[in-house]
Structures are given as structure tokens and as C-alpha cells.
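Full structure from sequences and hints, please.
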Amino acid sequence: PAYPGEPGLELRRRASIDAGDPCNTWTMALPNHLGTHVDGPAHFNPSAPLLAELPLEDFVFNAPLLVDIPKGPDQLVEAEELEAAVGGSVGDILLIRTGFGRLRATEPGKYSRRSPGLSVGAAEWIMSKSPPLRAIALDTISAGAPAFADEGRRVHEILCGVAGGRHVLIYEDVNLQVLQCTPVRVWGLP
Numbered sequence: 039p040a041y042p043g044e045p046g047l048e049l050r051r052r053a054s055i056d057a058g059d060p061c062n063t064w065t066m067a068l069p070n071h072l073g074t075h076v077d078g079p080a081h082f083n084p085s086a087p088l089l090a091e092l093p094l095e096d097f098v099f100n101a102p103l104l105v106d107i108p109k110g111p112d113q114l115v116e117a118e119e120l121e122a123a124v125g126g127s128v129g130d131i132l133l134i135r136t137g138f139g140r141l142r143a144t145e146p147g148k149y150s151r152r153s154p155g156l157s158v159g160a161a162e163w164i165m166s167k168s169p170p171l172r173a174i175a176l177d178t179i180s181a182g183a184p185a186f187a188d189e190g191r192r193v194h195e196i197l198c199g200v201a202g203g204r205h206v207l208i209y210e211d212v213n214l215q216v217l218q219c220t221p222v223r224v225w226g227l228p
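Every number in the working numbering is 38 more than the matching position in the sequence shown, counting from 1.
No lab work stands behind these hints, which were simulated from the structure alone.
Treat the hints with care, since some could be wrong.
[As the list claims (entries may be wrong)] Estimated spans, in silico, between C-beta atoms of each pair: (1) Ala57 / Val98: 40 to 50 Å; (2) Pro93 / Pro60: 20 to 30 Å; (3) Arg51 / Gly203: 46 to 56 Å; (4) Met66 / Ala143: 33 to 43 Å; (5) Leu227 / Thr65: 29 to 39 Å; (6) Asn100 / Thr65: 34 to 44 Å; (7) Cys219 / Trp64: 31 to 41 Å; (8) Thr144 / Asn100: 31 to 41 Å; (9) Val216 / Pro84: 29 to 39 Å; (10) Glu91 / Pro60: 37 to 47 Å; (11) Trp64 / Ala143: 21 to 31 Å; (12) Gly202 / Ala90: 19 to 29 Å; (13) Pro69 / Glu145: 19 to 29 Å.
[To be verified] Under the rule of at most 20 Å between Cα atoms (straight-line distance), these lysine to aspartate or glutamate pairs were calculated in the DMTMM-like manner: (14) Lys167 / Glu91; (15) Lys167 / Asp96; (16) Lys148 / Glu119; (17) Lys167 / Asp106; (18) Lys148 / Glu44; (19) Lys148 / Asp96; (20) Lys167 / Glu116; (21) Lys148 / Glu91; (22) Lys167 / Asp112; (23) Lys167 / Glu195.
All residues carry an ideal CB built from backbone N, CA and C; glycine is no exception.
Take a look at the structure:
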């Protein structure tokens, strides 16, 4: 599924054995926001580094924390819910499982158009957590709910460090359903 209004995967056949070519080949075109991906700081912050400019160690997390905050269509994760779910330490990557990811395979249209996301208050709460928190990951199409596009834009601006200071990496469309417990380490290579 793609974020509403964004293109999906495009496949074009380049060569075909059936057409007399020696092999089968394809050209693939896809936007950088299709499937599981990471939004880097430059996604909404023109003065921030590109993903390719970040050191490799920025994508390795040794203190992940998985939290469950169940959400339905068009709902927002609020700061109070994050605080209650996290308790004390947040680690270096916060994996936020809303449960909405279960619809990705069975109801892709609903998953992409009606996905929950973070509220501005939740984004501000995330940024108020001094390091070591360096990233978040969600089982939603985006960190911002499509039904609240303006709020979603602001969420991204906050997390990408538009106001100055630090940023956090934003992993979107992540399959967190497979996790039985918090992983020991996360490699989030773009």
C-alpha cells in the first residue's frame, strides 16, 4: 500500500524470452515511501543531512523498546498514552505497535487511507526525551495519520528537527506484528 496520493510500484518489461529475447528483465520504479522505509531528517528539514550523509551507526539500535498502543482507523497516539506505555526508560528506538498493521495484507486500501498516526503532542513528547532516543518505528502507513494531513505534516517537522536541535529517524510501515517481545537489537538500514 502507498500513502494516499502517492504512486505505487511500477514494473515495465524490458526483455522477454517469449518475445525472442535471450532473457527476462524488468525495470522497476518506486517512490522512496513505498513499503517499509525510513524518513530521514531532510524529509521535512532542508537544512538537515540526507540519509546517505548519516553514519552507519545511526541505523543500529542496541536498546529498543516495543510498546503496544492499540489504535483504530483515523485515531491519533497521544503523549499521555506514550508516557504510560513507556514507563521509565525509552531506549534508543521506540517501536510503537498500534495493531493497525494487521490490515496491511487484508485491507490495503483501509490501511493506507485510514491509518492512525501520532499527534503533535506525541511528537513533542518524543522530542522531549533526551538522548538516547534516536528513532521511532510504527506499524502504520505514516507517522502522521492521513485523515489529519496538517497535523501529520507538523508531526514530521517536529521529528525531523525543523525547529532546530536534534531529529529522530522515522521508520514507517513496519511489520511489528511478528514480534513476540522487544528485540535485543534493531538494524534499521535504509
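Hints, verified against the model:
1. Ala57 / Val98: 40 to 50 Å: holds, 45 Å
2. Pro93 / Pro60: 20 to 30 Å: Violated: the Cβ-Cβ distance is about 42 Å, outside 20 to 30 Å.
3. Arg51 / Gly203: 46 to 56 Å: holds, 48 Å
4. Met66 / Ala143: 33 to 43 Å: violated, 21 Å
5. Leu227 / Thr65: 29 to 39 Å: Violated, since Leu227 and Thr65 (Cβ atoms, about 24 Å apart) do not stay within the stated range.
6. Asn100 / Thr65: 34 to 44 Å: holds, 39 Å
7. Cys219 / Trp64: 31 to 41 Å: The hint (31 to 41 Å, Cβ to Cβ) holds, given that Cys219 and Trp64 are roughly 39 Å apart.
8. Thr144 / Asn100: 31 to 41 Å: holds, 34 Å
9. Val216 / Pro84: 29 to 39 Å: holds, 36 Å
10. Glu91 / Pro60: 37 to 47 Å: The hinted range 37 to 47 Å holds for Glu91 and Pro60, with Cβ atoms some 40 Å apart.
11. Trp64 / Ala143: 21 to 31 Å: Since the Cβ atoms of Trp64 and Ala143 sit about 23 Å apart, the hinted range of 21 to 31 Å holds.
12. Gly202 / Ala90: 19 to 29 Å: Once the Cβ atoms are compared, 22 Å apart, the range 19 to 29 Å for Ala90 and Gly202 holds.
13. Pro69 / Glu145: 19 to 29 Å: holds, 21 Å
14. Lys167 / Glu91: At roughly 24 Å apart (the allowed maximum being 20 Å), Glu91 and Lys167 break the hint.
15. Lys167 / Asp96: OK: Lys167 and Asp96 at ~17 Å, within 20 Å.
16. Lys148 / Glu119: violated, 24 Å
17. Lys167 / Asp106: Holds, because 19 Å separates the two Cα atoms, which is no more than 20 Å.
18. Lys148 / Glu44: holds, 15 Å
19. Lys148 / Asp96: violated, 33 Å
20. Lys167 / Glu116: Within the cut-off at roughly 15 Å; holds.
21. Lys148 / Glu91: Distance of about 35 Å is beyond 20 Å: violated.
22. Lys167 / Asp112: It is violated: about 26 Å lies between the C-alpha atoms, which goes past 20 Å.
23. Lys167 / Glu195: Since the Cα atoms of Lys167 and Glu195 sit roughly 17 Å apart, the hinted pair holds (cutoff 20 Å).
Violation of the numbered hints given earlier is confined to hints 2, 4, 5, 14, 16, 19, 21, 22; the remaining hints are satisfied by the structure.
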